[in-house]
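> Listed below, chain by chain, are the residues.
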Amino acid sequence: MNIEFERKTRKNPNLVVCLFIGEMNIFEASHWWRFLYGTVINLLSLILCLLSAPLYPTIAFFILIIVGCVYIVIVLSFCIQNPLSIVISKTNVYAYHNGDLPNRTDFLYGQYTSFSLSTFKGNLYSNYSIDYTTGDVMNFETVFGILFSSVTGFLAGATMSGQFQQPSRSLYRGSISAIVVAFLIYISELFLIASTTDRFVLFSQLNFNRLRNDFQLCSYE
Amino acid sequence: MQTTIDCQFAPYTRFDVQTDDQHEIETSLQTFNSSINLSSEHSIIESNIHTVSNNSKTFLRGMLVVFSPVALAMLAISIFMRIGFALAHAGVIQTLIQLGLCLIILVCTMLSICSLATNGKIDGGGVYHMISRSLGPEFGGGVGVLFYFATVIGNGQSVAAIVEILVELFGPGSE
Chain A
1 MNIEFERKTR
11 KNPNLVVCLF
21 IGEMNIFEAS
31 HWWRFLYGTV
41 INLLSLILCL
51 LSAPLYPTIA
61 FFILIIVGCV
71 YIVIVLSFCI
81 QNPLSIVISK
91 TNVYAYHNGD
101 LPNRTDFLYG
111 QYTSFSLSTF
121 KGNLYSNYSI
131 DYTTGDVMNF
141 ETVFGILFSS
151 VTGFLAGATM
161 SGQFQQPSRS
171 LYRGSISAIV
181 VAFLIYISEL
191 FLIASTTDRF
201 VLFSQLNFNR
211 LRNDFQLCSY
221 E
Chain B
1 MQTTIDCQFA
11 PYTRFDVQTD
21 DQHEIETSLQ
31 TFNSSINLSS
41 EHSIIESNIH
51 TVSNNSKTFL
61 RGMLVVFSPV
71 ALAMLAISIF
81 MRIGFALAHA
91 GVIQTLIQLG
101 LCLIILVCTM
111 LSICSLATNG
121 KIDGGGVYHM
131 ISRSLGPEFG
141 GGVGVLFYFA
151 TVIGNGQSVA
161 AIVEILVELF
171 GPGSE
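Chains as they are written, first to last, in the working numbering: chain A, 1 to 221; chain B, 1 to 175.
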């Protein structure tokens, strides 16, 4: 697969996104190796918890700075990225099974249009269909369940209530401001994706952000 | 002897916004204490000045301590992967409706927790502590056990996810 893919990439470098998965063989993929990695991570977090609890907000603050930098990079990459085709990875069996490809070795492509009104209009209304990772038909409730389960971390501030001096004031101001900031970021991200990315890519590739950024790296080389 | 009386009858100075009842209680306590001894009033004024001077310093730090875990928990993997998924299936309008529903639920829960937090002194222990002190030990115990299992299972899921991402990014190829 890799040789043919590289030949395609050389022939038409502006069309194809390089997939650099599997370049670095640091971690093993078998089940017990994964178990070992999980155990090591658990032990590390246990040591961190035993060291001191007041370390936690400091670490969280620095991780928050990193996440903010990542968000700024994502917004900038939306702004400076030219239109390109994104290859759908072969792990999406559903799209390859239903797509009308003449050859079995060909790749499916989705369009990343830069900011355009027609893309935004195409993304405007609902179109519930089959989720390719599970094969189930989505509806309003399942999508809402996935969205809601990803925002339910807001009690993390209340569990830190022993750490600060005036819980009555800082608890509600900090929590409400964090919720408002997080929702502003969600909505801005939503509009950025909706106005730039074609719907077929959204349906058939969950991690298209990574593919987009990989393309820039490989086009500069 | 005098210090114990101060501790017993000093007004509850932890609140920054003083309601009318508290102000009334404070003035009555001040007159009461001044009727005991004049030095007690002096100590009350001193303690008030002390808390006011501490306000701006500890307030920013406390807000940061609350802000960063909450924002970090809400800006997890969902912003990078699941917004596109929800957008593909639900479209812009319905995704905005769903986000609004999430916001309503979160703000309602948060306001009730904050009302619990502002109406009593809370120490460490977080939500379990508040619920067990306000609803009684039965509810508090049940909620505490639930929180324990939720934390343990959430930790397991986080570890599984981080191993998955490590193996996918730095492991052998997926195909």
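It is possible that some hints are incorrect.
[Stated by the list, open to error] For each label pair, taking beta carbons as the anchor points, the in silico distance ranges come out as:
1. A/Phe191 with B/Ile165: 38 to 46 Å
2. A/Glu141 with B/Cys108: 17 to 25 Å
3. B/Arg61 with A/Gln81: 37 to 45 Å
4. A/Ser45 with B/Val143: 20 to 28 Å
I should point out that these hints are in silico values taken from the structure, not numbers from a laboratory.
Here the structure is a predicted model, which means the values were calculated and not measured.
All residues carry an ideal CB built from backbone N, CA and C; glycine is no exception.
> Hint compliance check: list the failing hint numbers for this structure, sorted ascending.
1
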